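K.L.:
If you want the building blocks of each chain, they are given just below.
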Amino acid sequence: KAGVTQTPRYLIKTRGQQVTLSCSPISGHRSVSWYQQTPGQGLQFLFEYFSETQRNKGNFPGRFSGRQFSNSRSEMNVSTLELGDSALYLCASSLDGGNTEAFFGQGTRLTVV
Amino acid sequence: GENVEQHPSTLSVQEGDSAVIKCTYSDSASNYFPWYKQELGKRPQLIIDIRSNVGEKKDQRIAVTLNKTAKHFSLHITETQPEDSAVYFCAARGLQGSARQLTFGSGTQLTVLP
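Just so you know, the protein sequences line up as chains A and B, in that order. The numbers in my numbering rise by one with no breaks, and the one at position 63 of the first sequence is 63. The numbers in my numbering rise by one with no breaks, and the one at position 76 of the second sequence is 76.
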């Protein structure tokens, strides 16, 4: 079956702009989590969505938001971009967000200039 | 919330030798501990996981051990090969509330020298 798909793969934005990233989970998976990966900070948890509800949120400013649709696809939005937002954004899907394997997408490489 | 510490940050071994990566966690309620391998430019992929009702798990050359009392778990790779070179991440997850998220260690860059 198809894996986790993230679009776009690469994005270049200017400071102050906003951006929307998309994540399509594996069919049947209802939990989608988002992570920010940077060389110095590793994998930092942003938020988790399950059945269209945000179930968990990490320690990121309110400029970072997300949502999940009825087909479990999820979007992440970052408003008023800052240079420090440049990172690889990864989403991971799992059946229910419990003790089952989380599968990662290829990520979206966001560069803010 | 959960805090996961991972050591070492870099590890170089000769091909054929063993490699050990260690992680400690802070939340005694955590009960799921996966290990991910991320090759350069690729997505993290699960290589092995262990649940808190098990002390050790093996899959060919890879094994993970868990010490719940001491709150630490380790990844062991035997007979290392150049293709084992990658960044390895440990993680921990609980079952309730904010502990449900996967909290990752900072990663270990493993280099297997031919």
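Hints may be right or wrong, so weigh each one.
Ranges between beta-carbon positions, derived for each pair [stated by the list, open to error]:
1. V113/A x Q60/B: 34 to 40 Å
2. V113/A x N67/B: 31 to 37 Å
3. N77/A x E15/B: 43 to 49 Å
4. E83/B x T53/A: 39 to 45 Å
5. D96/A x S18/B: 32 to 38 Å
6. N67/B x I12/A: 26 to 32 Å
7. E5/B x F60/A: 42 to 48 Å
I should point out that these hints are in silico values taken from the structure, not numbers from a laboratory. Quick caveat, the model's predicted, so the values are computed rather than measured. Cβ coordinates follow ideal geometry from the N, Cα and C atoms, glycine included.
K.L.:
Using the beta carbons of E5/B and F60/A, state whether their distance is inside 42 to 48 Å or not.
P.N.:
violated (21 Å)
K.L.:
Mind checking the hinted window 32 to 38 Å against the Cβ distance between D96/A and S18/B?
P.N.:
The hint (32 to 38 Å, Cβ to Cβ) holds, given that D96/A and S18/B are roughly 35 Å apart.
K.L.:
Has the hinted range 26 to 32 Å been met by the Cβ atoms of N67/B and I12/A?
P.N.:
Given a distance of about 46 Å, which is not inside 26 to 32 Å, the answer is violated.
K.L.:
Take a look at whether the Cβ-Cβ distance between V113/A and N67/B falls inside 31 to 37 Å.
P.N.:
violated (47 Å)
K.L.:
Please test the hint of 43 to 49 Å on the beta carbon pair from N77/A and E15/B.
P.N.:
Since N77/A and E15/B have Cβ atoms about 46 Å apart, the given range 43 to 49 Å holds.
K.L.:
Starting from the range 34 to 40 Å, see whether the pair V113/A and Q60/B falls in it by beta-carbon distance.
P.N.:
violated (45 Å)
K.L.:
Would you say the C-beta atoms of E83/B and T53/A sit inside 39 to 45 Å of each other?
P.N.:
holds (41 Å)
Going through the hint list in order, the structure does not satisfy hints 1, 2, 6, 7.
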